[in-house]
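Under this note's numbering, the residues of the sequence shown are numbered 3 to 269, in order.
Think of the hints as simulated: they come from the structure by calculation, not from any bench.
No residue lacks a Cβ here, since even glycine has one placed at the ideal position from N, Cα and C.
Each pair of labels, with its calculated beta carbon distance range:
(1) Ala60 <-> Lys13: 40 to 50 Å
(2) Lys166 <-> Phe89: 25 to 35 Å
(3) Lys7 <-> Lys193: 37 to 47 Å
(4) Leu72 <-> Ile188: 31 to 41 Å
(5) Ala12 <-> Asn84: 33 to 43 Å
(6) Asn104 <-> Tyr131: 32 to 42 Å
(7) Gly26 <-> Ala74: 41 to 51 Å
(8) Ala142 <-> Phe89: 13 to 23 Å
(9) Ser68 <-> Lys166: 40 to 50 Å
(10) Asn64 <-> Lys143: 30 to 40 Å
(11) Ser120 <-> Asn64: 16 to 26 Å
(12) Ile81 <-> Ser120: 27 to 37 Å
(13) Lys13 <-> Trp71: 57 to 67 Å
(14) Lys143 <-> Asp90: 15 to 25 Å
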Amino acid sequence: MILAKDFLEAKNKRITLLGMSGVGKTHLAKLIGEEGDWFHFSGDYRIGAKHLKEEIIANIANKMSSNNWLKALLENKSISVNSQVTFDNLEPISAFLGKVGNPEEGGLPISEFIRRQSLFFEAEKKTMYEVPEFIAKSQAKGFSHFINDAGGSLCELEDPKLFKLLSANTLIIYIKTSKENELALIERAKKTPKPMYYNPVFFSAQYRTTWPKTILSMLQKSVQTHSLAGFFQSLLKTGLKNILQLQTSMDALFKATISIAAALQMM
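Take the sequences, apply the hints, and build the full model.
In structure tokens:
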């Protein structure tokens, strides 16, 4: 496990940024990267550009096939489909993951939503397991330092082996948000959802027991994002404990955050 002391003494510094979706991990990674010697590894970008690219393209092609004119052009290969995922544009991934709702309005049945969530789950795990490989690749390219800009649902993966791998290779920095900012993030996520993984067991339990039948009925009739509150409940109650068990305590993470800020100022 890399601790703050190890990080400060290391010639090649490596960090994993952890925090809820939209808290500013990518923004912070870019700011640090402006120093010029940091390799920015975006987990969400890797998922969209590699592990889910074929699924994303197939989904777009399937949507286009509902138009007979476009379908004919696709079938005779007059046109092709591609996905342009960037660090700042994750919309192709979000569109693939979709929302629960009436399929006639562009929504997904619960079963299909969970299937796509499972695909995203496997893709996010593969991506995070690639971190040591990309650390080596970044050093081979001449970068001294490495930032793992992890997805907002990393804590939901519930994979102790993965968490140990990340803590052995990087200093994990948790970006905490205030209650006020948390509410702002929820509102922003409602308008512009980012790629997120929801634990299927938790999601199914919420669907069957927590959501009132009247809300479920409305959900099936329209394409409204499913309860984001459910995610934050899960995050607060279950997800973070996996990371915290490895990093000894939240206080240690906050002290590490202060240490890395001080170290960056000295560089």
